[in-house]
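Protein chains: 2
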Amino acid sequence: MLEITGHTRVFGILADPIHQVKAPQGLNRIMAERGVDGVMVPFHVASADLATVLTGLRAVKSFGGAIVTVPHKTAIVPLLDAVSDAARLVGAVNAVRREPDGRLVGEILDGAGFVAGLRAAGHDLRGRSAYLAGAGGAANAIAFALAEAGIARLTVHNRTAARVEDLFGRLRRLFPDLPLASGDPDPTGHDLVVNATSLGLRPDDPLPLDASRLAPGQRVAEIIMQPAETRLLREAAARGCRTHPGLPMLEGQLALMADFLGMVPPAR
Amino acid sequence: MLEITGHTRVFGILADPIHQVKAPQGLNRIMAERGVDGVMVPFHVASADLATVLTGLRAVKSFGGAIVTVPHKTAIVPLLDAVSDAARLVGAVNAVRREPDGRLVGEILDGAGFVAGLRAAGHDLRGRSAYLAGAGGAANAIAFALAEAGIARLTVHNRTAARVEDLFGRLRRLFPDLPLASGDPDPTGHDLVVNATSLGLRPDDPLPLDASRLAPGQRVAEIIMQPAETRLLREAAARGCRTHPGLPMLEGQLALMADFLGMVPPAR
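Chains F and H supply the protein sequences, listed in that same order.
Going left to right, the first sequence walks through residues 107 to 374 as my numbering numbers them.
Going left to right, the second sequence walks through residues 107 to 374 as my numbering numbers them.
Hints were generated in silico from the structure; no laboratory data involved.
Hints may contain errors.
Pairs count within a copy or across copies, as identical chains cannot be separated in the list.
Restricting the straight-line Cα-Cα distance to at most 20 angstroms, the calculated cross-link-like pairs of lysine to any residue (SDA-like) are [to be verified]:
(1) Lys167 with Asp207
(2) Lys128 with Ala255
(3) Lys128 with Glu357
(4) Lys167 with Ala157
(5) Lys167 with Ala181
(6) Lys167 with Gln126
(7) Lys128 with Leu307
(8) Lys128 with Gly112
(9) Lys128 with Arg203
(10) Lys128 with Lys167
(11) Lys167 with Pro282
(12) Lys167 with Leu156
The task is simple: from the sequences and hints, build the whole structure.
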């Protein structure tokens with residue numbers, strides 16, 4: 107990190123609890139690598155105080171923006187001056203940029219981070235078919251990012267079918283031409299298979315889909331970062347699939363966050 | 107500095123303009139030396155926004171406090187939950203600590219920093235007589251700190267005599283037994299002679315007092331930091347006085363600020 111001076115731009119991460127956050131380490135490293143005179147610090151903010159803190163930060167001219175995480179990602183949306191179409195339709199924001207005039211602009215980069223991680227590993231998504239297990243917050247963000255990345259069709263499998271329909275209704279507003287299907291546990295016939303549920307965090311979790319139907323040629327991607335190799339990824343590898351662990355999503359996302367927050371070195 | 111993580115306490119400096127501030131460099135160095143997991147960052151806040159920003163920072167649980175400088179030192183007093191007697195009577199605050207319950211407590215350390223700088227240079231003030239040129243903000247803070255340090259009597263010289271009387275009225279409320287005198291430009295008969303005016307910042311400034319009356323045995327101290335050697339200090343040295351430049355006040359103050367803001371390493 108550059109020495110902090112009166113010229114340094116200040117970024118925060120808004121979270122509660124705060125101790126476990128990793129964004130300051132990641133983004134301070136990225137700013138150092140890029141030669142950016144900025145610093146990210148932890149802002150521990152309870153849900154009840156989010157609006158008050160945002161009002162205060164809006165008035166700090168050296169404040170550049172914030173990463174937003176649990177429990178603020180949904181609650182922050184109506185408190186911002188503008189959000190992207192994807193953030194509005196996903197109903198969540200995980201990065202907020204402060205414009206020079208004090209306006210706060212929100213974006214959701216969870217899904218784009220996932221796609222960036224796949225791209226960095228050489229997986230282009232344009233024209234591919236995708237199968238998504240899950241319809242929660244992470245799955246919503248990934249569905250929009252997959253659509254944005256130009257997939258040819260999307261199948262979503264979720265225990266509660268109503269959540270799939272709800273997601274499809276919002277996806278259609280931004281991507282009216284994307285073929286959508288409500289799926290079952292069988293991922294057969296899709297180029298990309300994604301687990302966007304929390305199943306796999308614990309060793310005795312059931313699989314999020316029927317892994318016995320996976321076949322060579324399919325790519326199987328995971329959002330779970332810990333353990334690095336989930337049971338799904340193990341079974342996929344055993345069946346000849348290429349696998350993609352959860353951690354690159356975080357790496358991809360950090361770079362996108364740095365870009366969105368304007369963490370660029372001064373022009374020469 | 108330690109790596110910034112979710113455990114790091116965040117401190118700020120509130121100022122407008124912000125680019126010239128030096129407290130982040132000084133206090134980040136002190137925290138590093140002390141092994142404190144904290145970071146000080148610049149908060150650029152306009153006068154009109156001070157109350158809003160304080161309300162926001164009060165709700166940030168990882169916020170430990172702030173250094174306060176131009177133009178907020180006087181305006182911040184009524185916005186705090188508590189201030190020290192000296193800060194109330196000086197009418198200014200330059201350090202604010204956030205208590206764990208969110209209360210903001212203010213202190214004025216300008217004068218105490220000056221006294222700490224003298225002490226660090228081996229100048230004890232107890233029982234000494236002091237002559238102070240000036241009755242503005244810095245002079246007020248130093249007058250209270252000299253009284254607190256146990257001087258035997260205080261003479262204040264200022265072009266506008268009403269400001270001296272006003273200062274004396276407030277000093278008497280906290281130090282009713284301290285002999286006070288309104289002086290003239292002649293500092294004869296005082297152990298310590300202090301310039302607390304801004305005269306000396308520019309090379310063609312008139313002297314703040316009649317330097318031709320300075321005599322060996324007197325200590326002559328300066329609050330001006332730049333230039334390091336003012337014309338007053340040069341003339342004092344030429345007349346055999348011991349001199350004390352302005353910079354140690356800042357050093358003394360940084361350590362006091364770190365103590366007041368609770369920048370101490372975790373107990374073992």
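Results for each hint:
Proximity of Lys167 and Asp207 under a CA criterion of 20 angstroms is satisfied intra-copy only: 9 angstroms inside one chain copy versus 26 angstroms between copies. Taking identical chains as interchangeable, the C-alpha atoms of Lys128 and Ala255 are never at most 20 angstroms apart, the minima being 27 angstroms within one chain and 46 angstroms between chains. Taking the shortest Cα distances, Lys128 and Glu357 sit within 20 angstroms of each other inside one copy (11 angstroms), while across copies they are farther apart (34 angstroms). Both within a single protomer and between protomers do Lys167 and Ala157 lie at most 20 angstroms apart by alpha-carbon distance, with minima of 18 angstroms and 14 angstroms respectively.
Taking the shortest Cα distances, Lys167 and Ala181 sit within 20 angstroms of each other only across copies (19 angstroms), while inside one copy they are farther apart (24 angstroms). For a Cα distance limit of 20 angstroms, the shortest separation of Lys167 from Gln126 across copies, 15 angstroms, qualifies, whereas the shortest one inside one copy, 28 angstroms, does not. In this assembly of identical chains, Lys128 and Leu307 lie within 20 angstroms of each other by CA distance solely inside one copy; the values are 18 angstroms within and 47 angstroms between copies. When the C-alpha separation of Lys128 and Gly112 is checked against a cutoff of 20 angstroms, the pair qualifies only between copies, where the shortest distance is 7 angstroms, while the shortest distance within a copy is 25 angstroms.
For a Cα distance limit of 20 angstroms, the shortest separation of Lys128 from Arg203 inside one copy, 19 angstroms, qualifies, whereas the shortest one across copies, 26 angstroms, does not. Proximity of Lys128 to Lys167 under the C-alpha cut-off of 20 angstroms is restricted to the inter-copy arrangement: shortest distance 18 angstroms between copies versus 25 angstroms within a copy. Taking the shortest Cα distances, Lys167 and Pro282 never come within 20 angstroms of each other, neither inside one copy (40 angstroms) nor across copies (44 angstroms). For a Cα distance limit of 20 angstroms, the shortest separation of Lys167 from Leu156 qualifies both inside one copy, at 19 angstroms, and across copies, at 12 angstroms.
Violation of the numbered hints given earlier is confined to hints 2 and 11; the remaining hints are satisfied by the structure.
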